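Chemist: Take the sequence shown: its letter number 44 is residue 43 in numbering that gives the first Met the number 0, and every next letter is one higher.
Bear in mind the hints are in silico, worked out from the structure with no lab data behind them.
Here the structure is a predicted model, which is why all the values come from computation and not from measurement.
Ideal Cβ positions, reconstructed from N, Cα and C, are used throughout, including at glycine.
A portion of the hints provided could be inaccurate.
Stated by the list, open to error - Label pairs and their calculated CB-CB ranges:
| hint | residue 1 | residue 2 | range |
| --- | --- | --- | --- |
| 1 | Ala84 | Val46 | 25 to 33 Å |
| 2 | Leu73 | Trp284 | 42 to 50 Å |
| 3 | Gly72 | Leu9 | 43 to 51 Å |
| 4 | Arg7 | Gly132 | 42 to 50 Å |
| 5 | Ala84 | Val228 | 33 to 41 Å |
| 6 | Leu73 | Leu235 | 32 to 40 Å |
| 7 | Ala84 | Ala180 | 31 to 39 Å |
| 8 | Ser181 | Val51 | 27 to 35 Å |
| 9 | Leu25 | Leu235 | 17 to 25 Å |
| 10 | Leu178 | Val274 | 37 to 45 Å |
| 11 | Asn66 | Leu240 | 16 to 24 Å |
| 12 | Ile144 | Ala187 | 16 to 24 Å |
| 13 | Leu5 | Gly239 | 18 to 26 Å |
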Amino acid sequence: MKLRELVRSLDWLLIGAALLLVMVGLAMLFSSTSAETLSSSRFVRQVFSLGVALVVGFLVVRLPYHNLSRYAGLLYGLGLAGLVAVFLTAQVIRGATSRLSVSDFQLQPSEFMKIAVVIFLAWVFSRDTVVRGRALIVSAAAVAIPAIFILLEPDLGVAAMLVAVWVALLIFIGVRWYLVASIGVLGAIGFLAGWFGLFADYQKARLLVFLYPARDPLGAGYNIVQSIVALGSGRLFGRGLGHGPQSQLQFLPERHTDFVLASIGEELGFVGILVVVILYAIVLWRIALIARTTRDQFGQLLAVSVFLLMVIGFVVSAGMNMGLLPVTGIPLPLVSYGGSNLLSTFVLLAIVESVHVYSKWVQAPPTDISQLT
């Protein structure tokens, strides 16, 4: 496809809303880190990451998405290799070994594993008109293996996201309810096993204090308490960029990553939060529309998977900031600081754009994909 035709075929409303969310994140990052020197500036690093993400995203859009099915296994293997490399070479950062150092930059392989899992699951579930038991077993293993590696980093949030996307995809393709219920029971058993074997002490503390943050306001409940205070203090229009005491005086922890939404609420108020919600609604609406109008099953499952990742990321991050969900360390997609998350999100959105552009040349999918035998 010629470049001019490709540009005309893109969903610019989706792209525009996504870029505006990135701009909001950059504004909040500049507000909270303006005192940093140029050499150590997280703002400069995020701008650089944005440039890389735009270039990589453009290259992915130019690739017809159905070619991804040919390399699903290879991409999955590369993703697993990245997770293994974490344990062999990564340094411990804030109690976790989840990042690889490349020159002055750090990569988080679990973020890119999400892309590989999405492509692999879409390929597995789209191979047959009827999703059979073999596909269920293969897909379960494809999610469980990286989830275990990620839990060992430990990163409960990303591991839970992978499992949640898999279960949601099973429901979407029409897997019978008793099988989904069985998976829920196994998940509960796995959670108990993780509680007594895999979960780190700080993760247990986060889950326990979630029920009553005020019980330990200076310890495990500190993050949630400060986040709620920051959100409430912003009121309607906020205190202004650079003038939020919780953020600027660093009472609010991880104000540029996990709790960026609380920082937005403090400095931009309810209006700022509303703008972010509207932009996310536009992004999700466009992805859902692309999934609905896609003509083949592989492309549809890709778009649905990206939709699920974006929804889960937004809902969990918002829930953490409001004290409605335990703190799991999931960043707010497109807004939170982090080059790996920004790059992986742009790649996922670029895949959706590729589905939008190229699906018209793919044969329409079969109508019945809902029975599992």
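Chemist: Report the numbers of all earlier hints that the structure fails to satisfy, in ascending order.
Modeler: When the structure is compared with the hints, numbers 2, 3, 6, 8, 11, 13 turn out to be violated.
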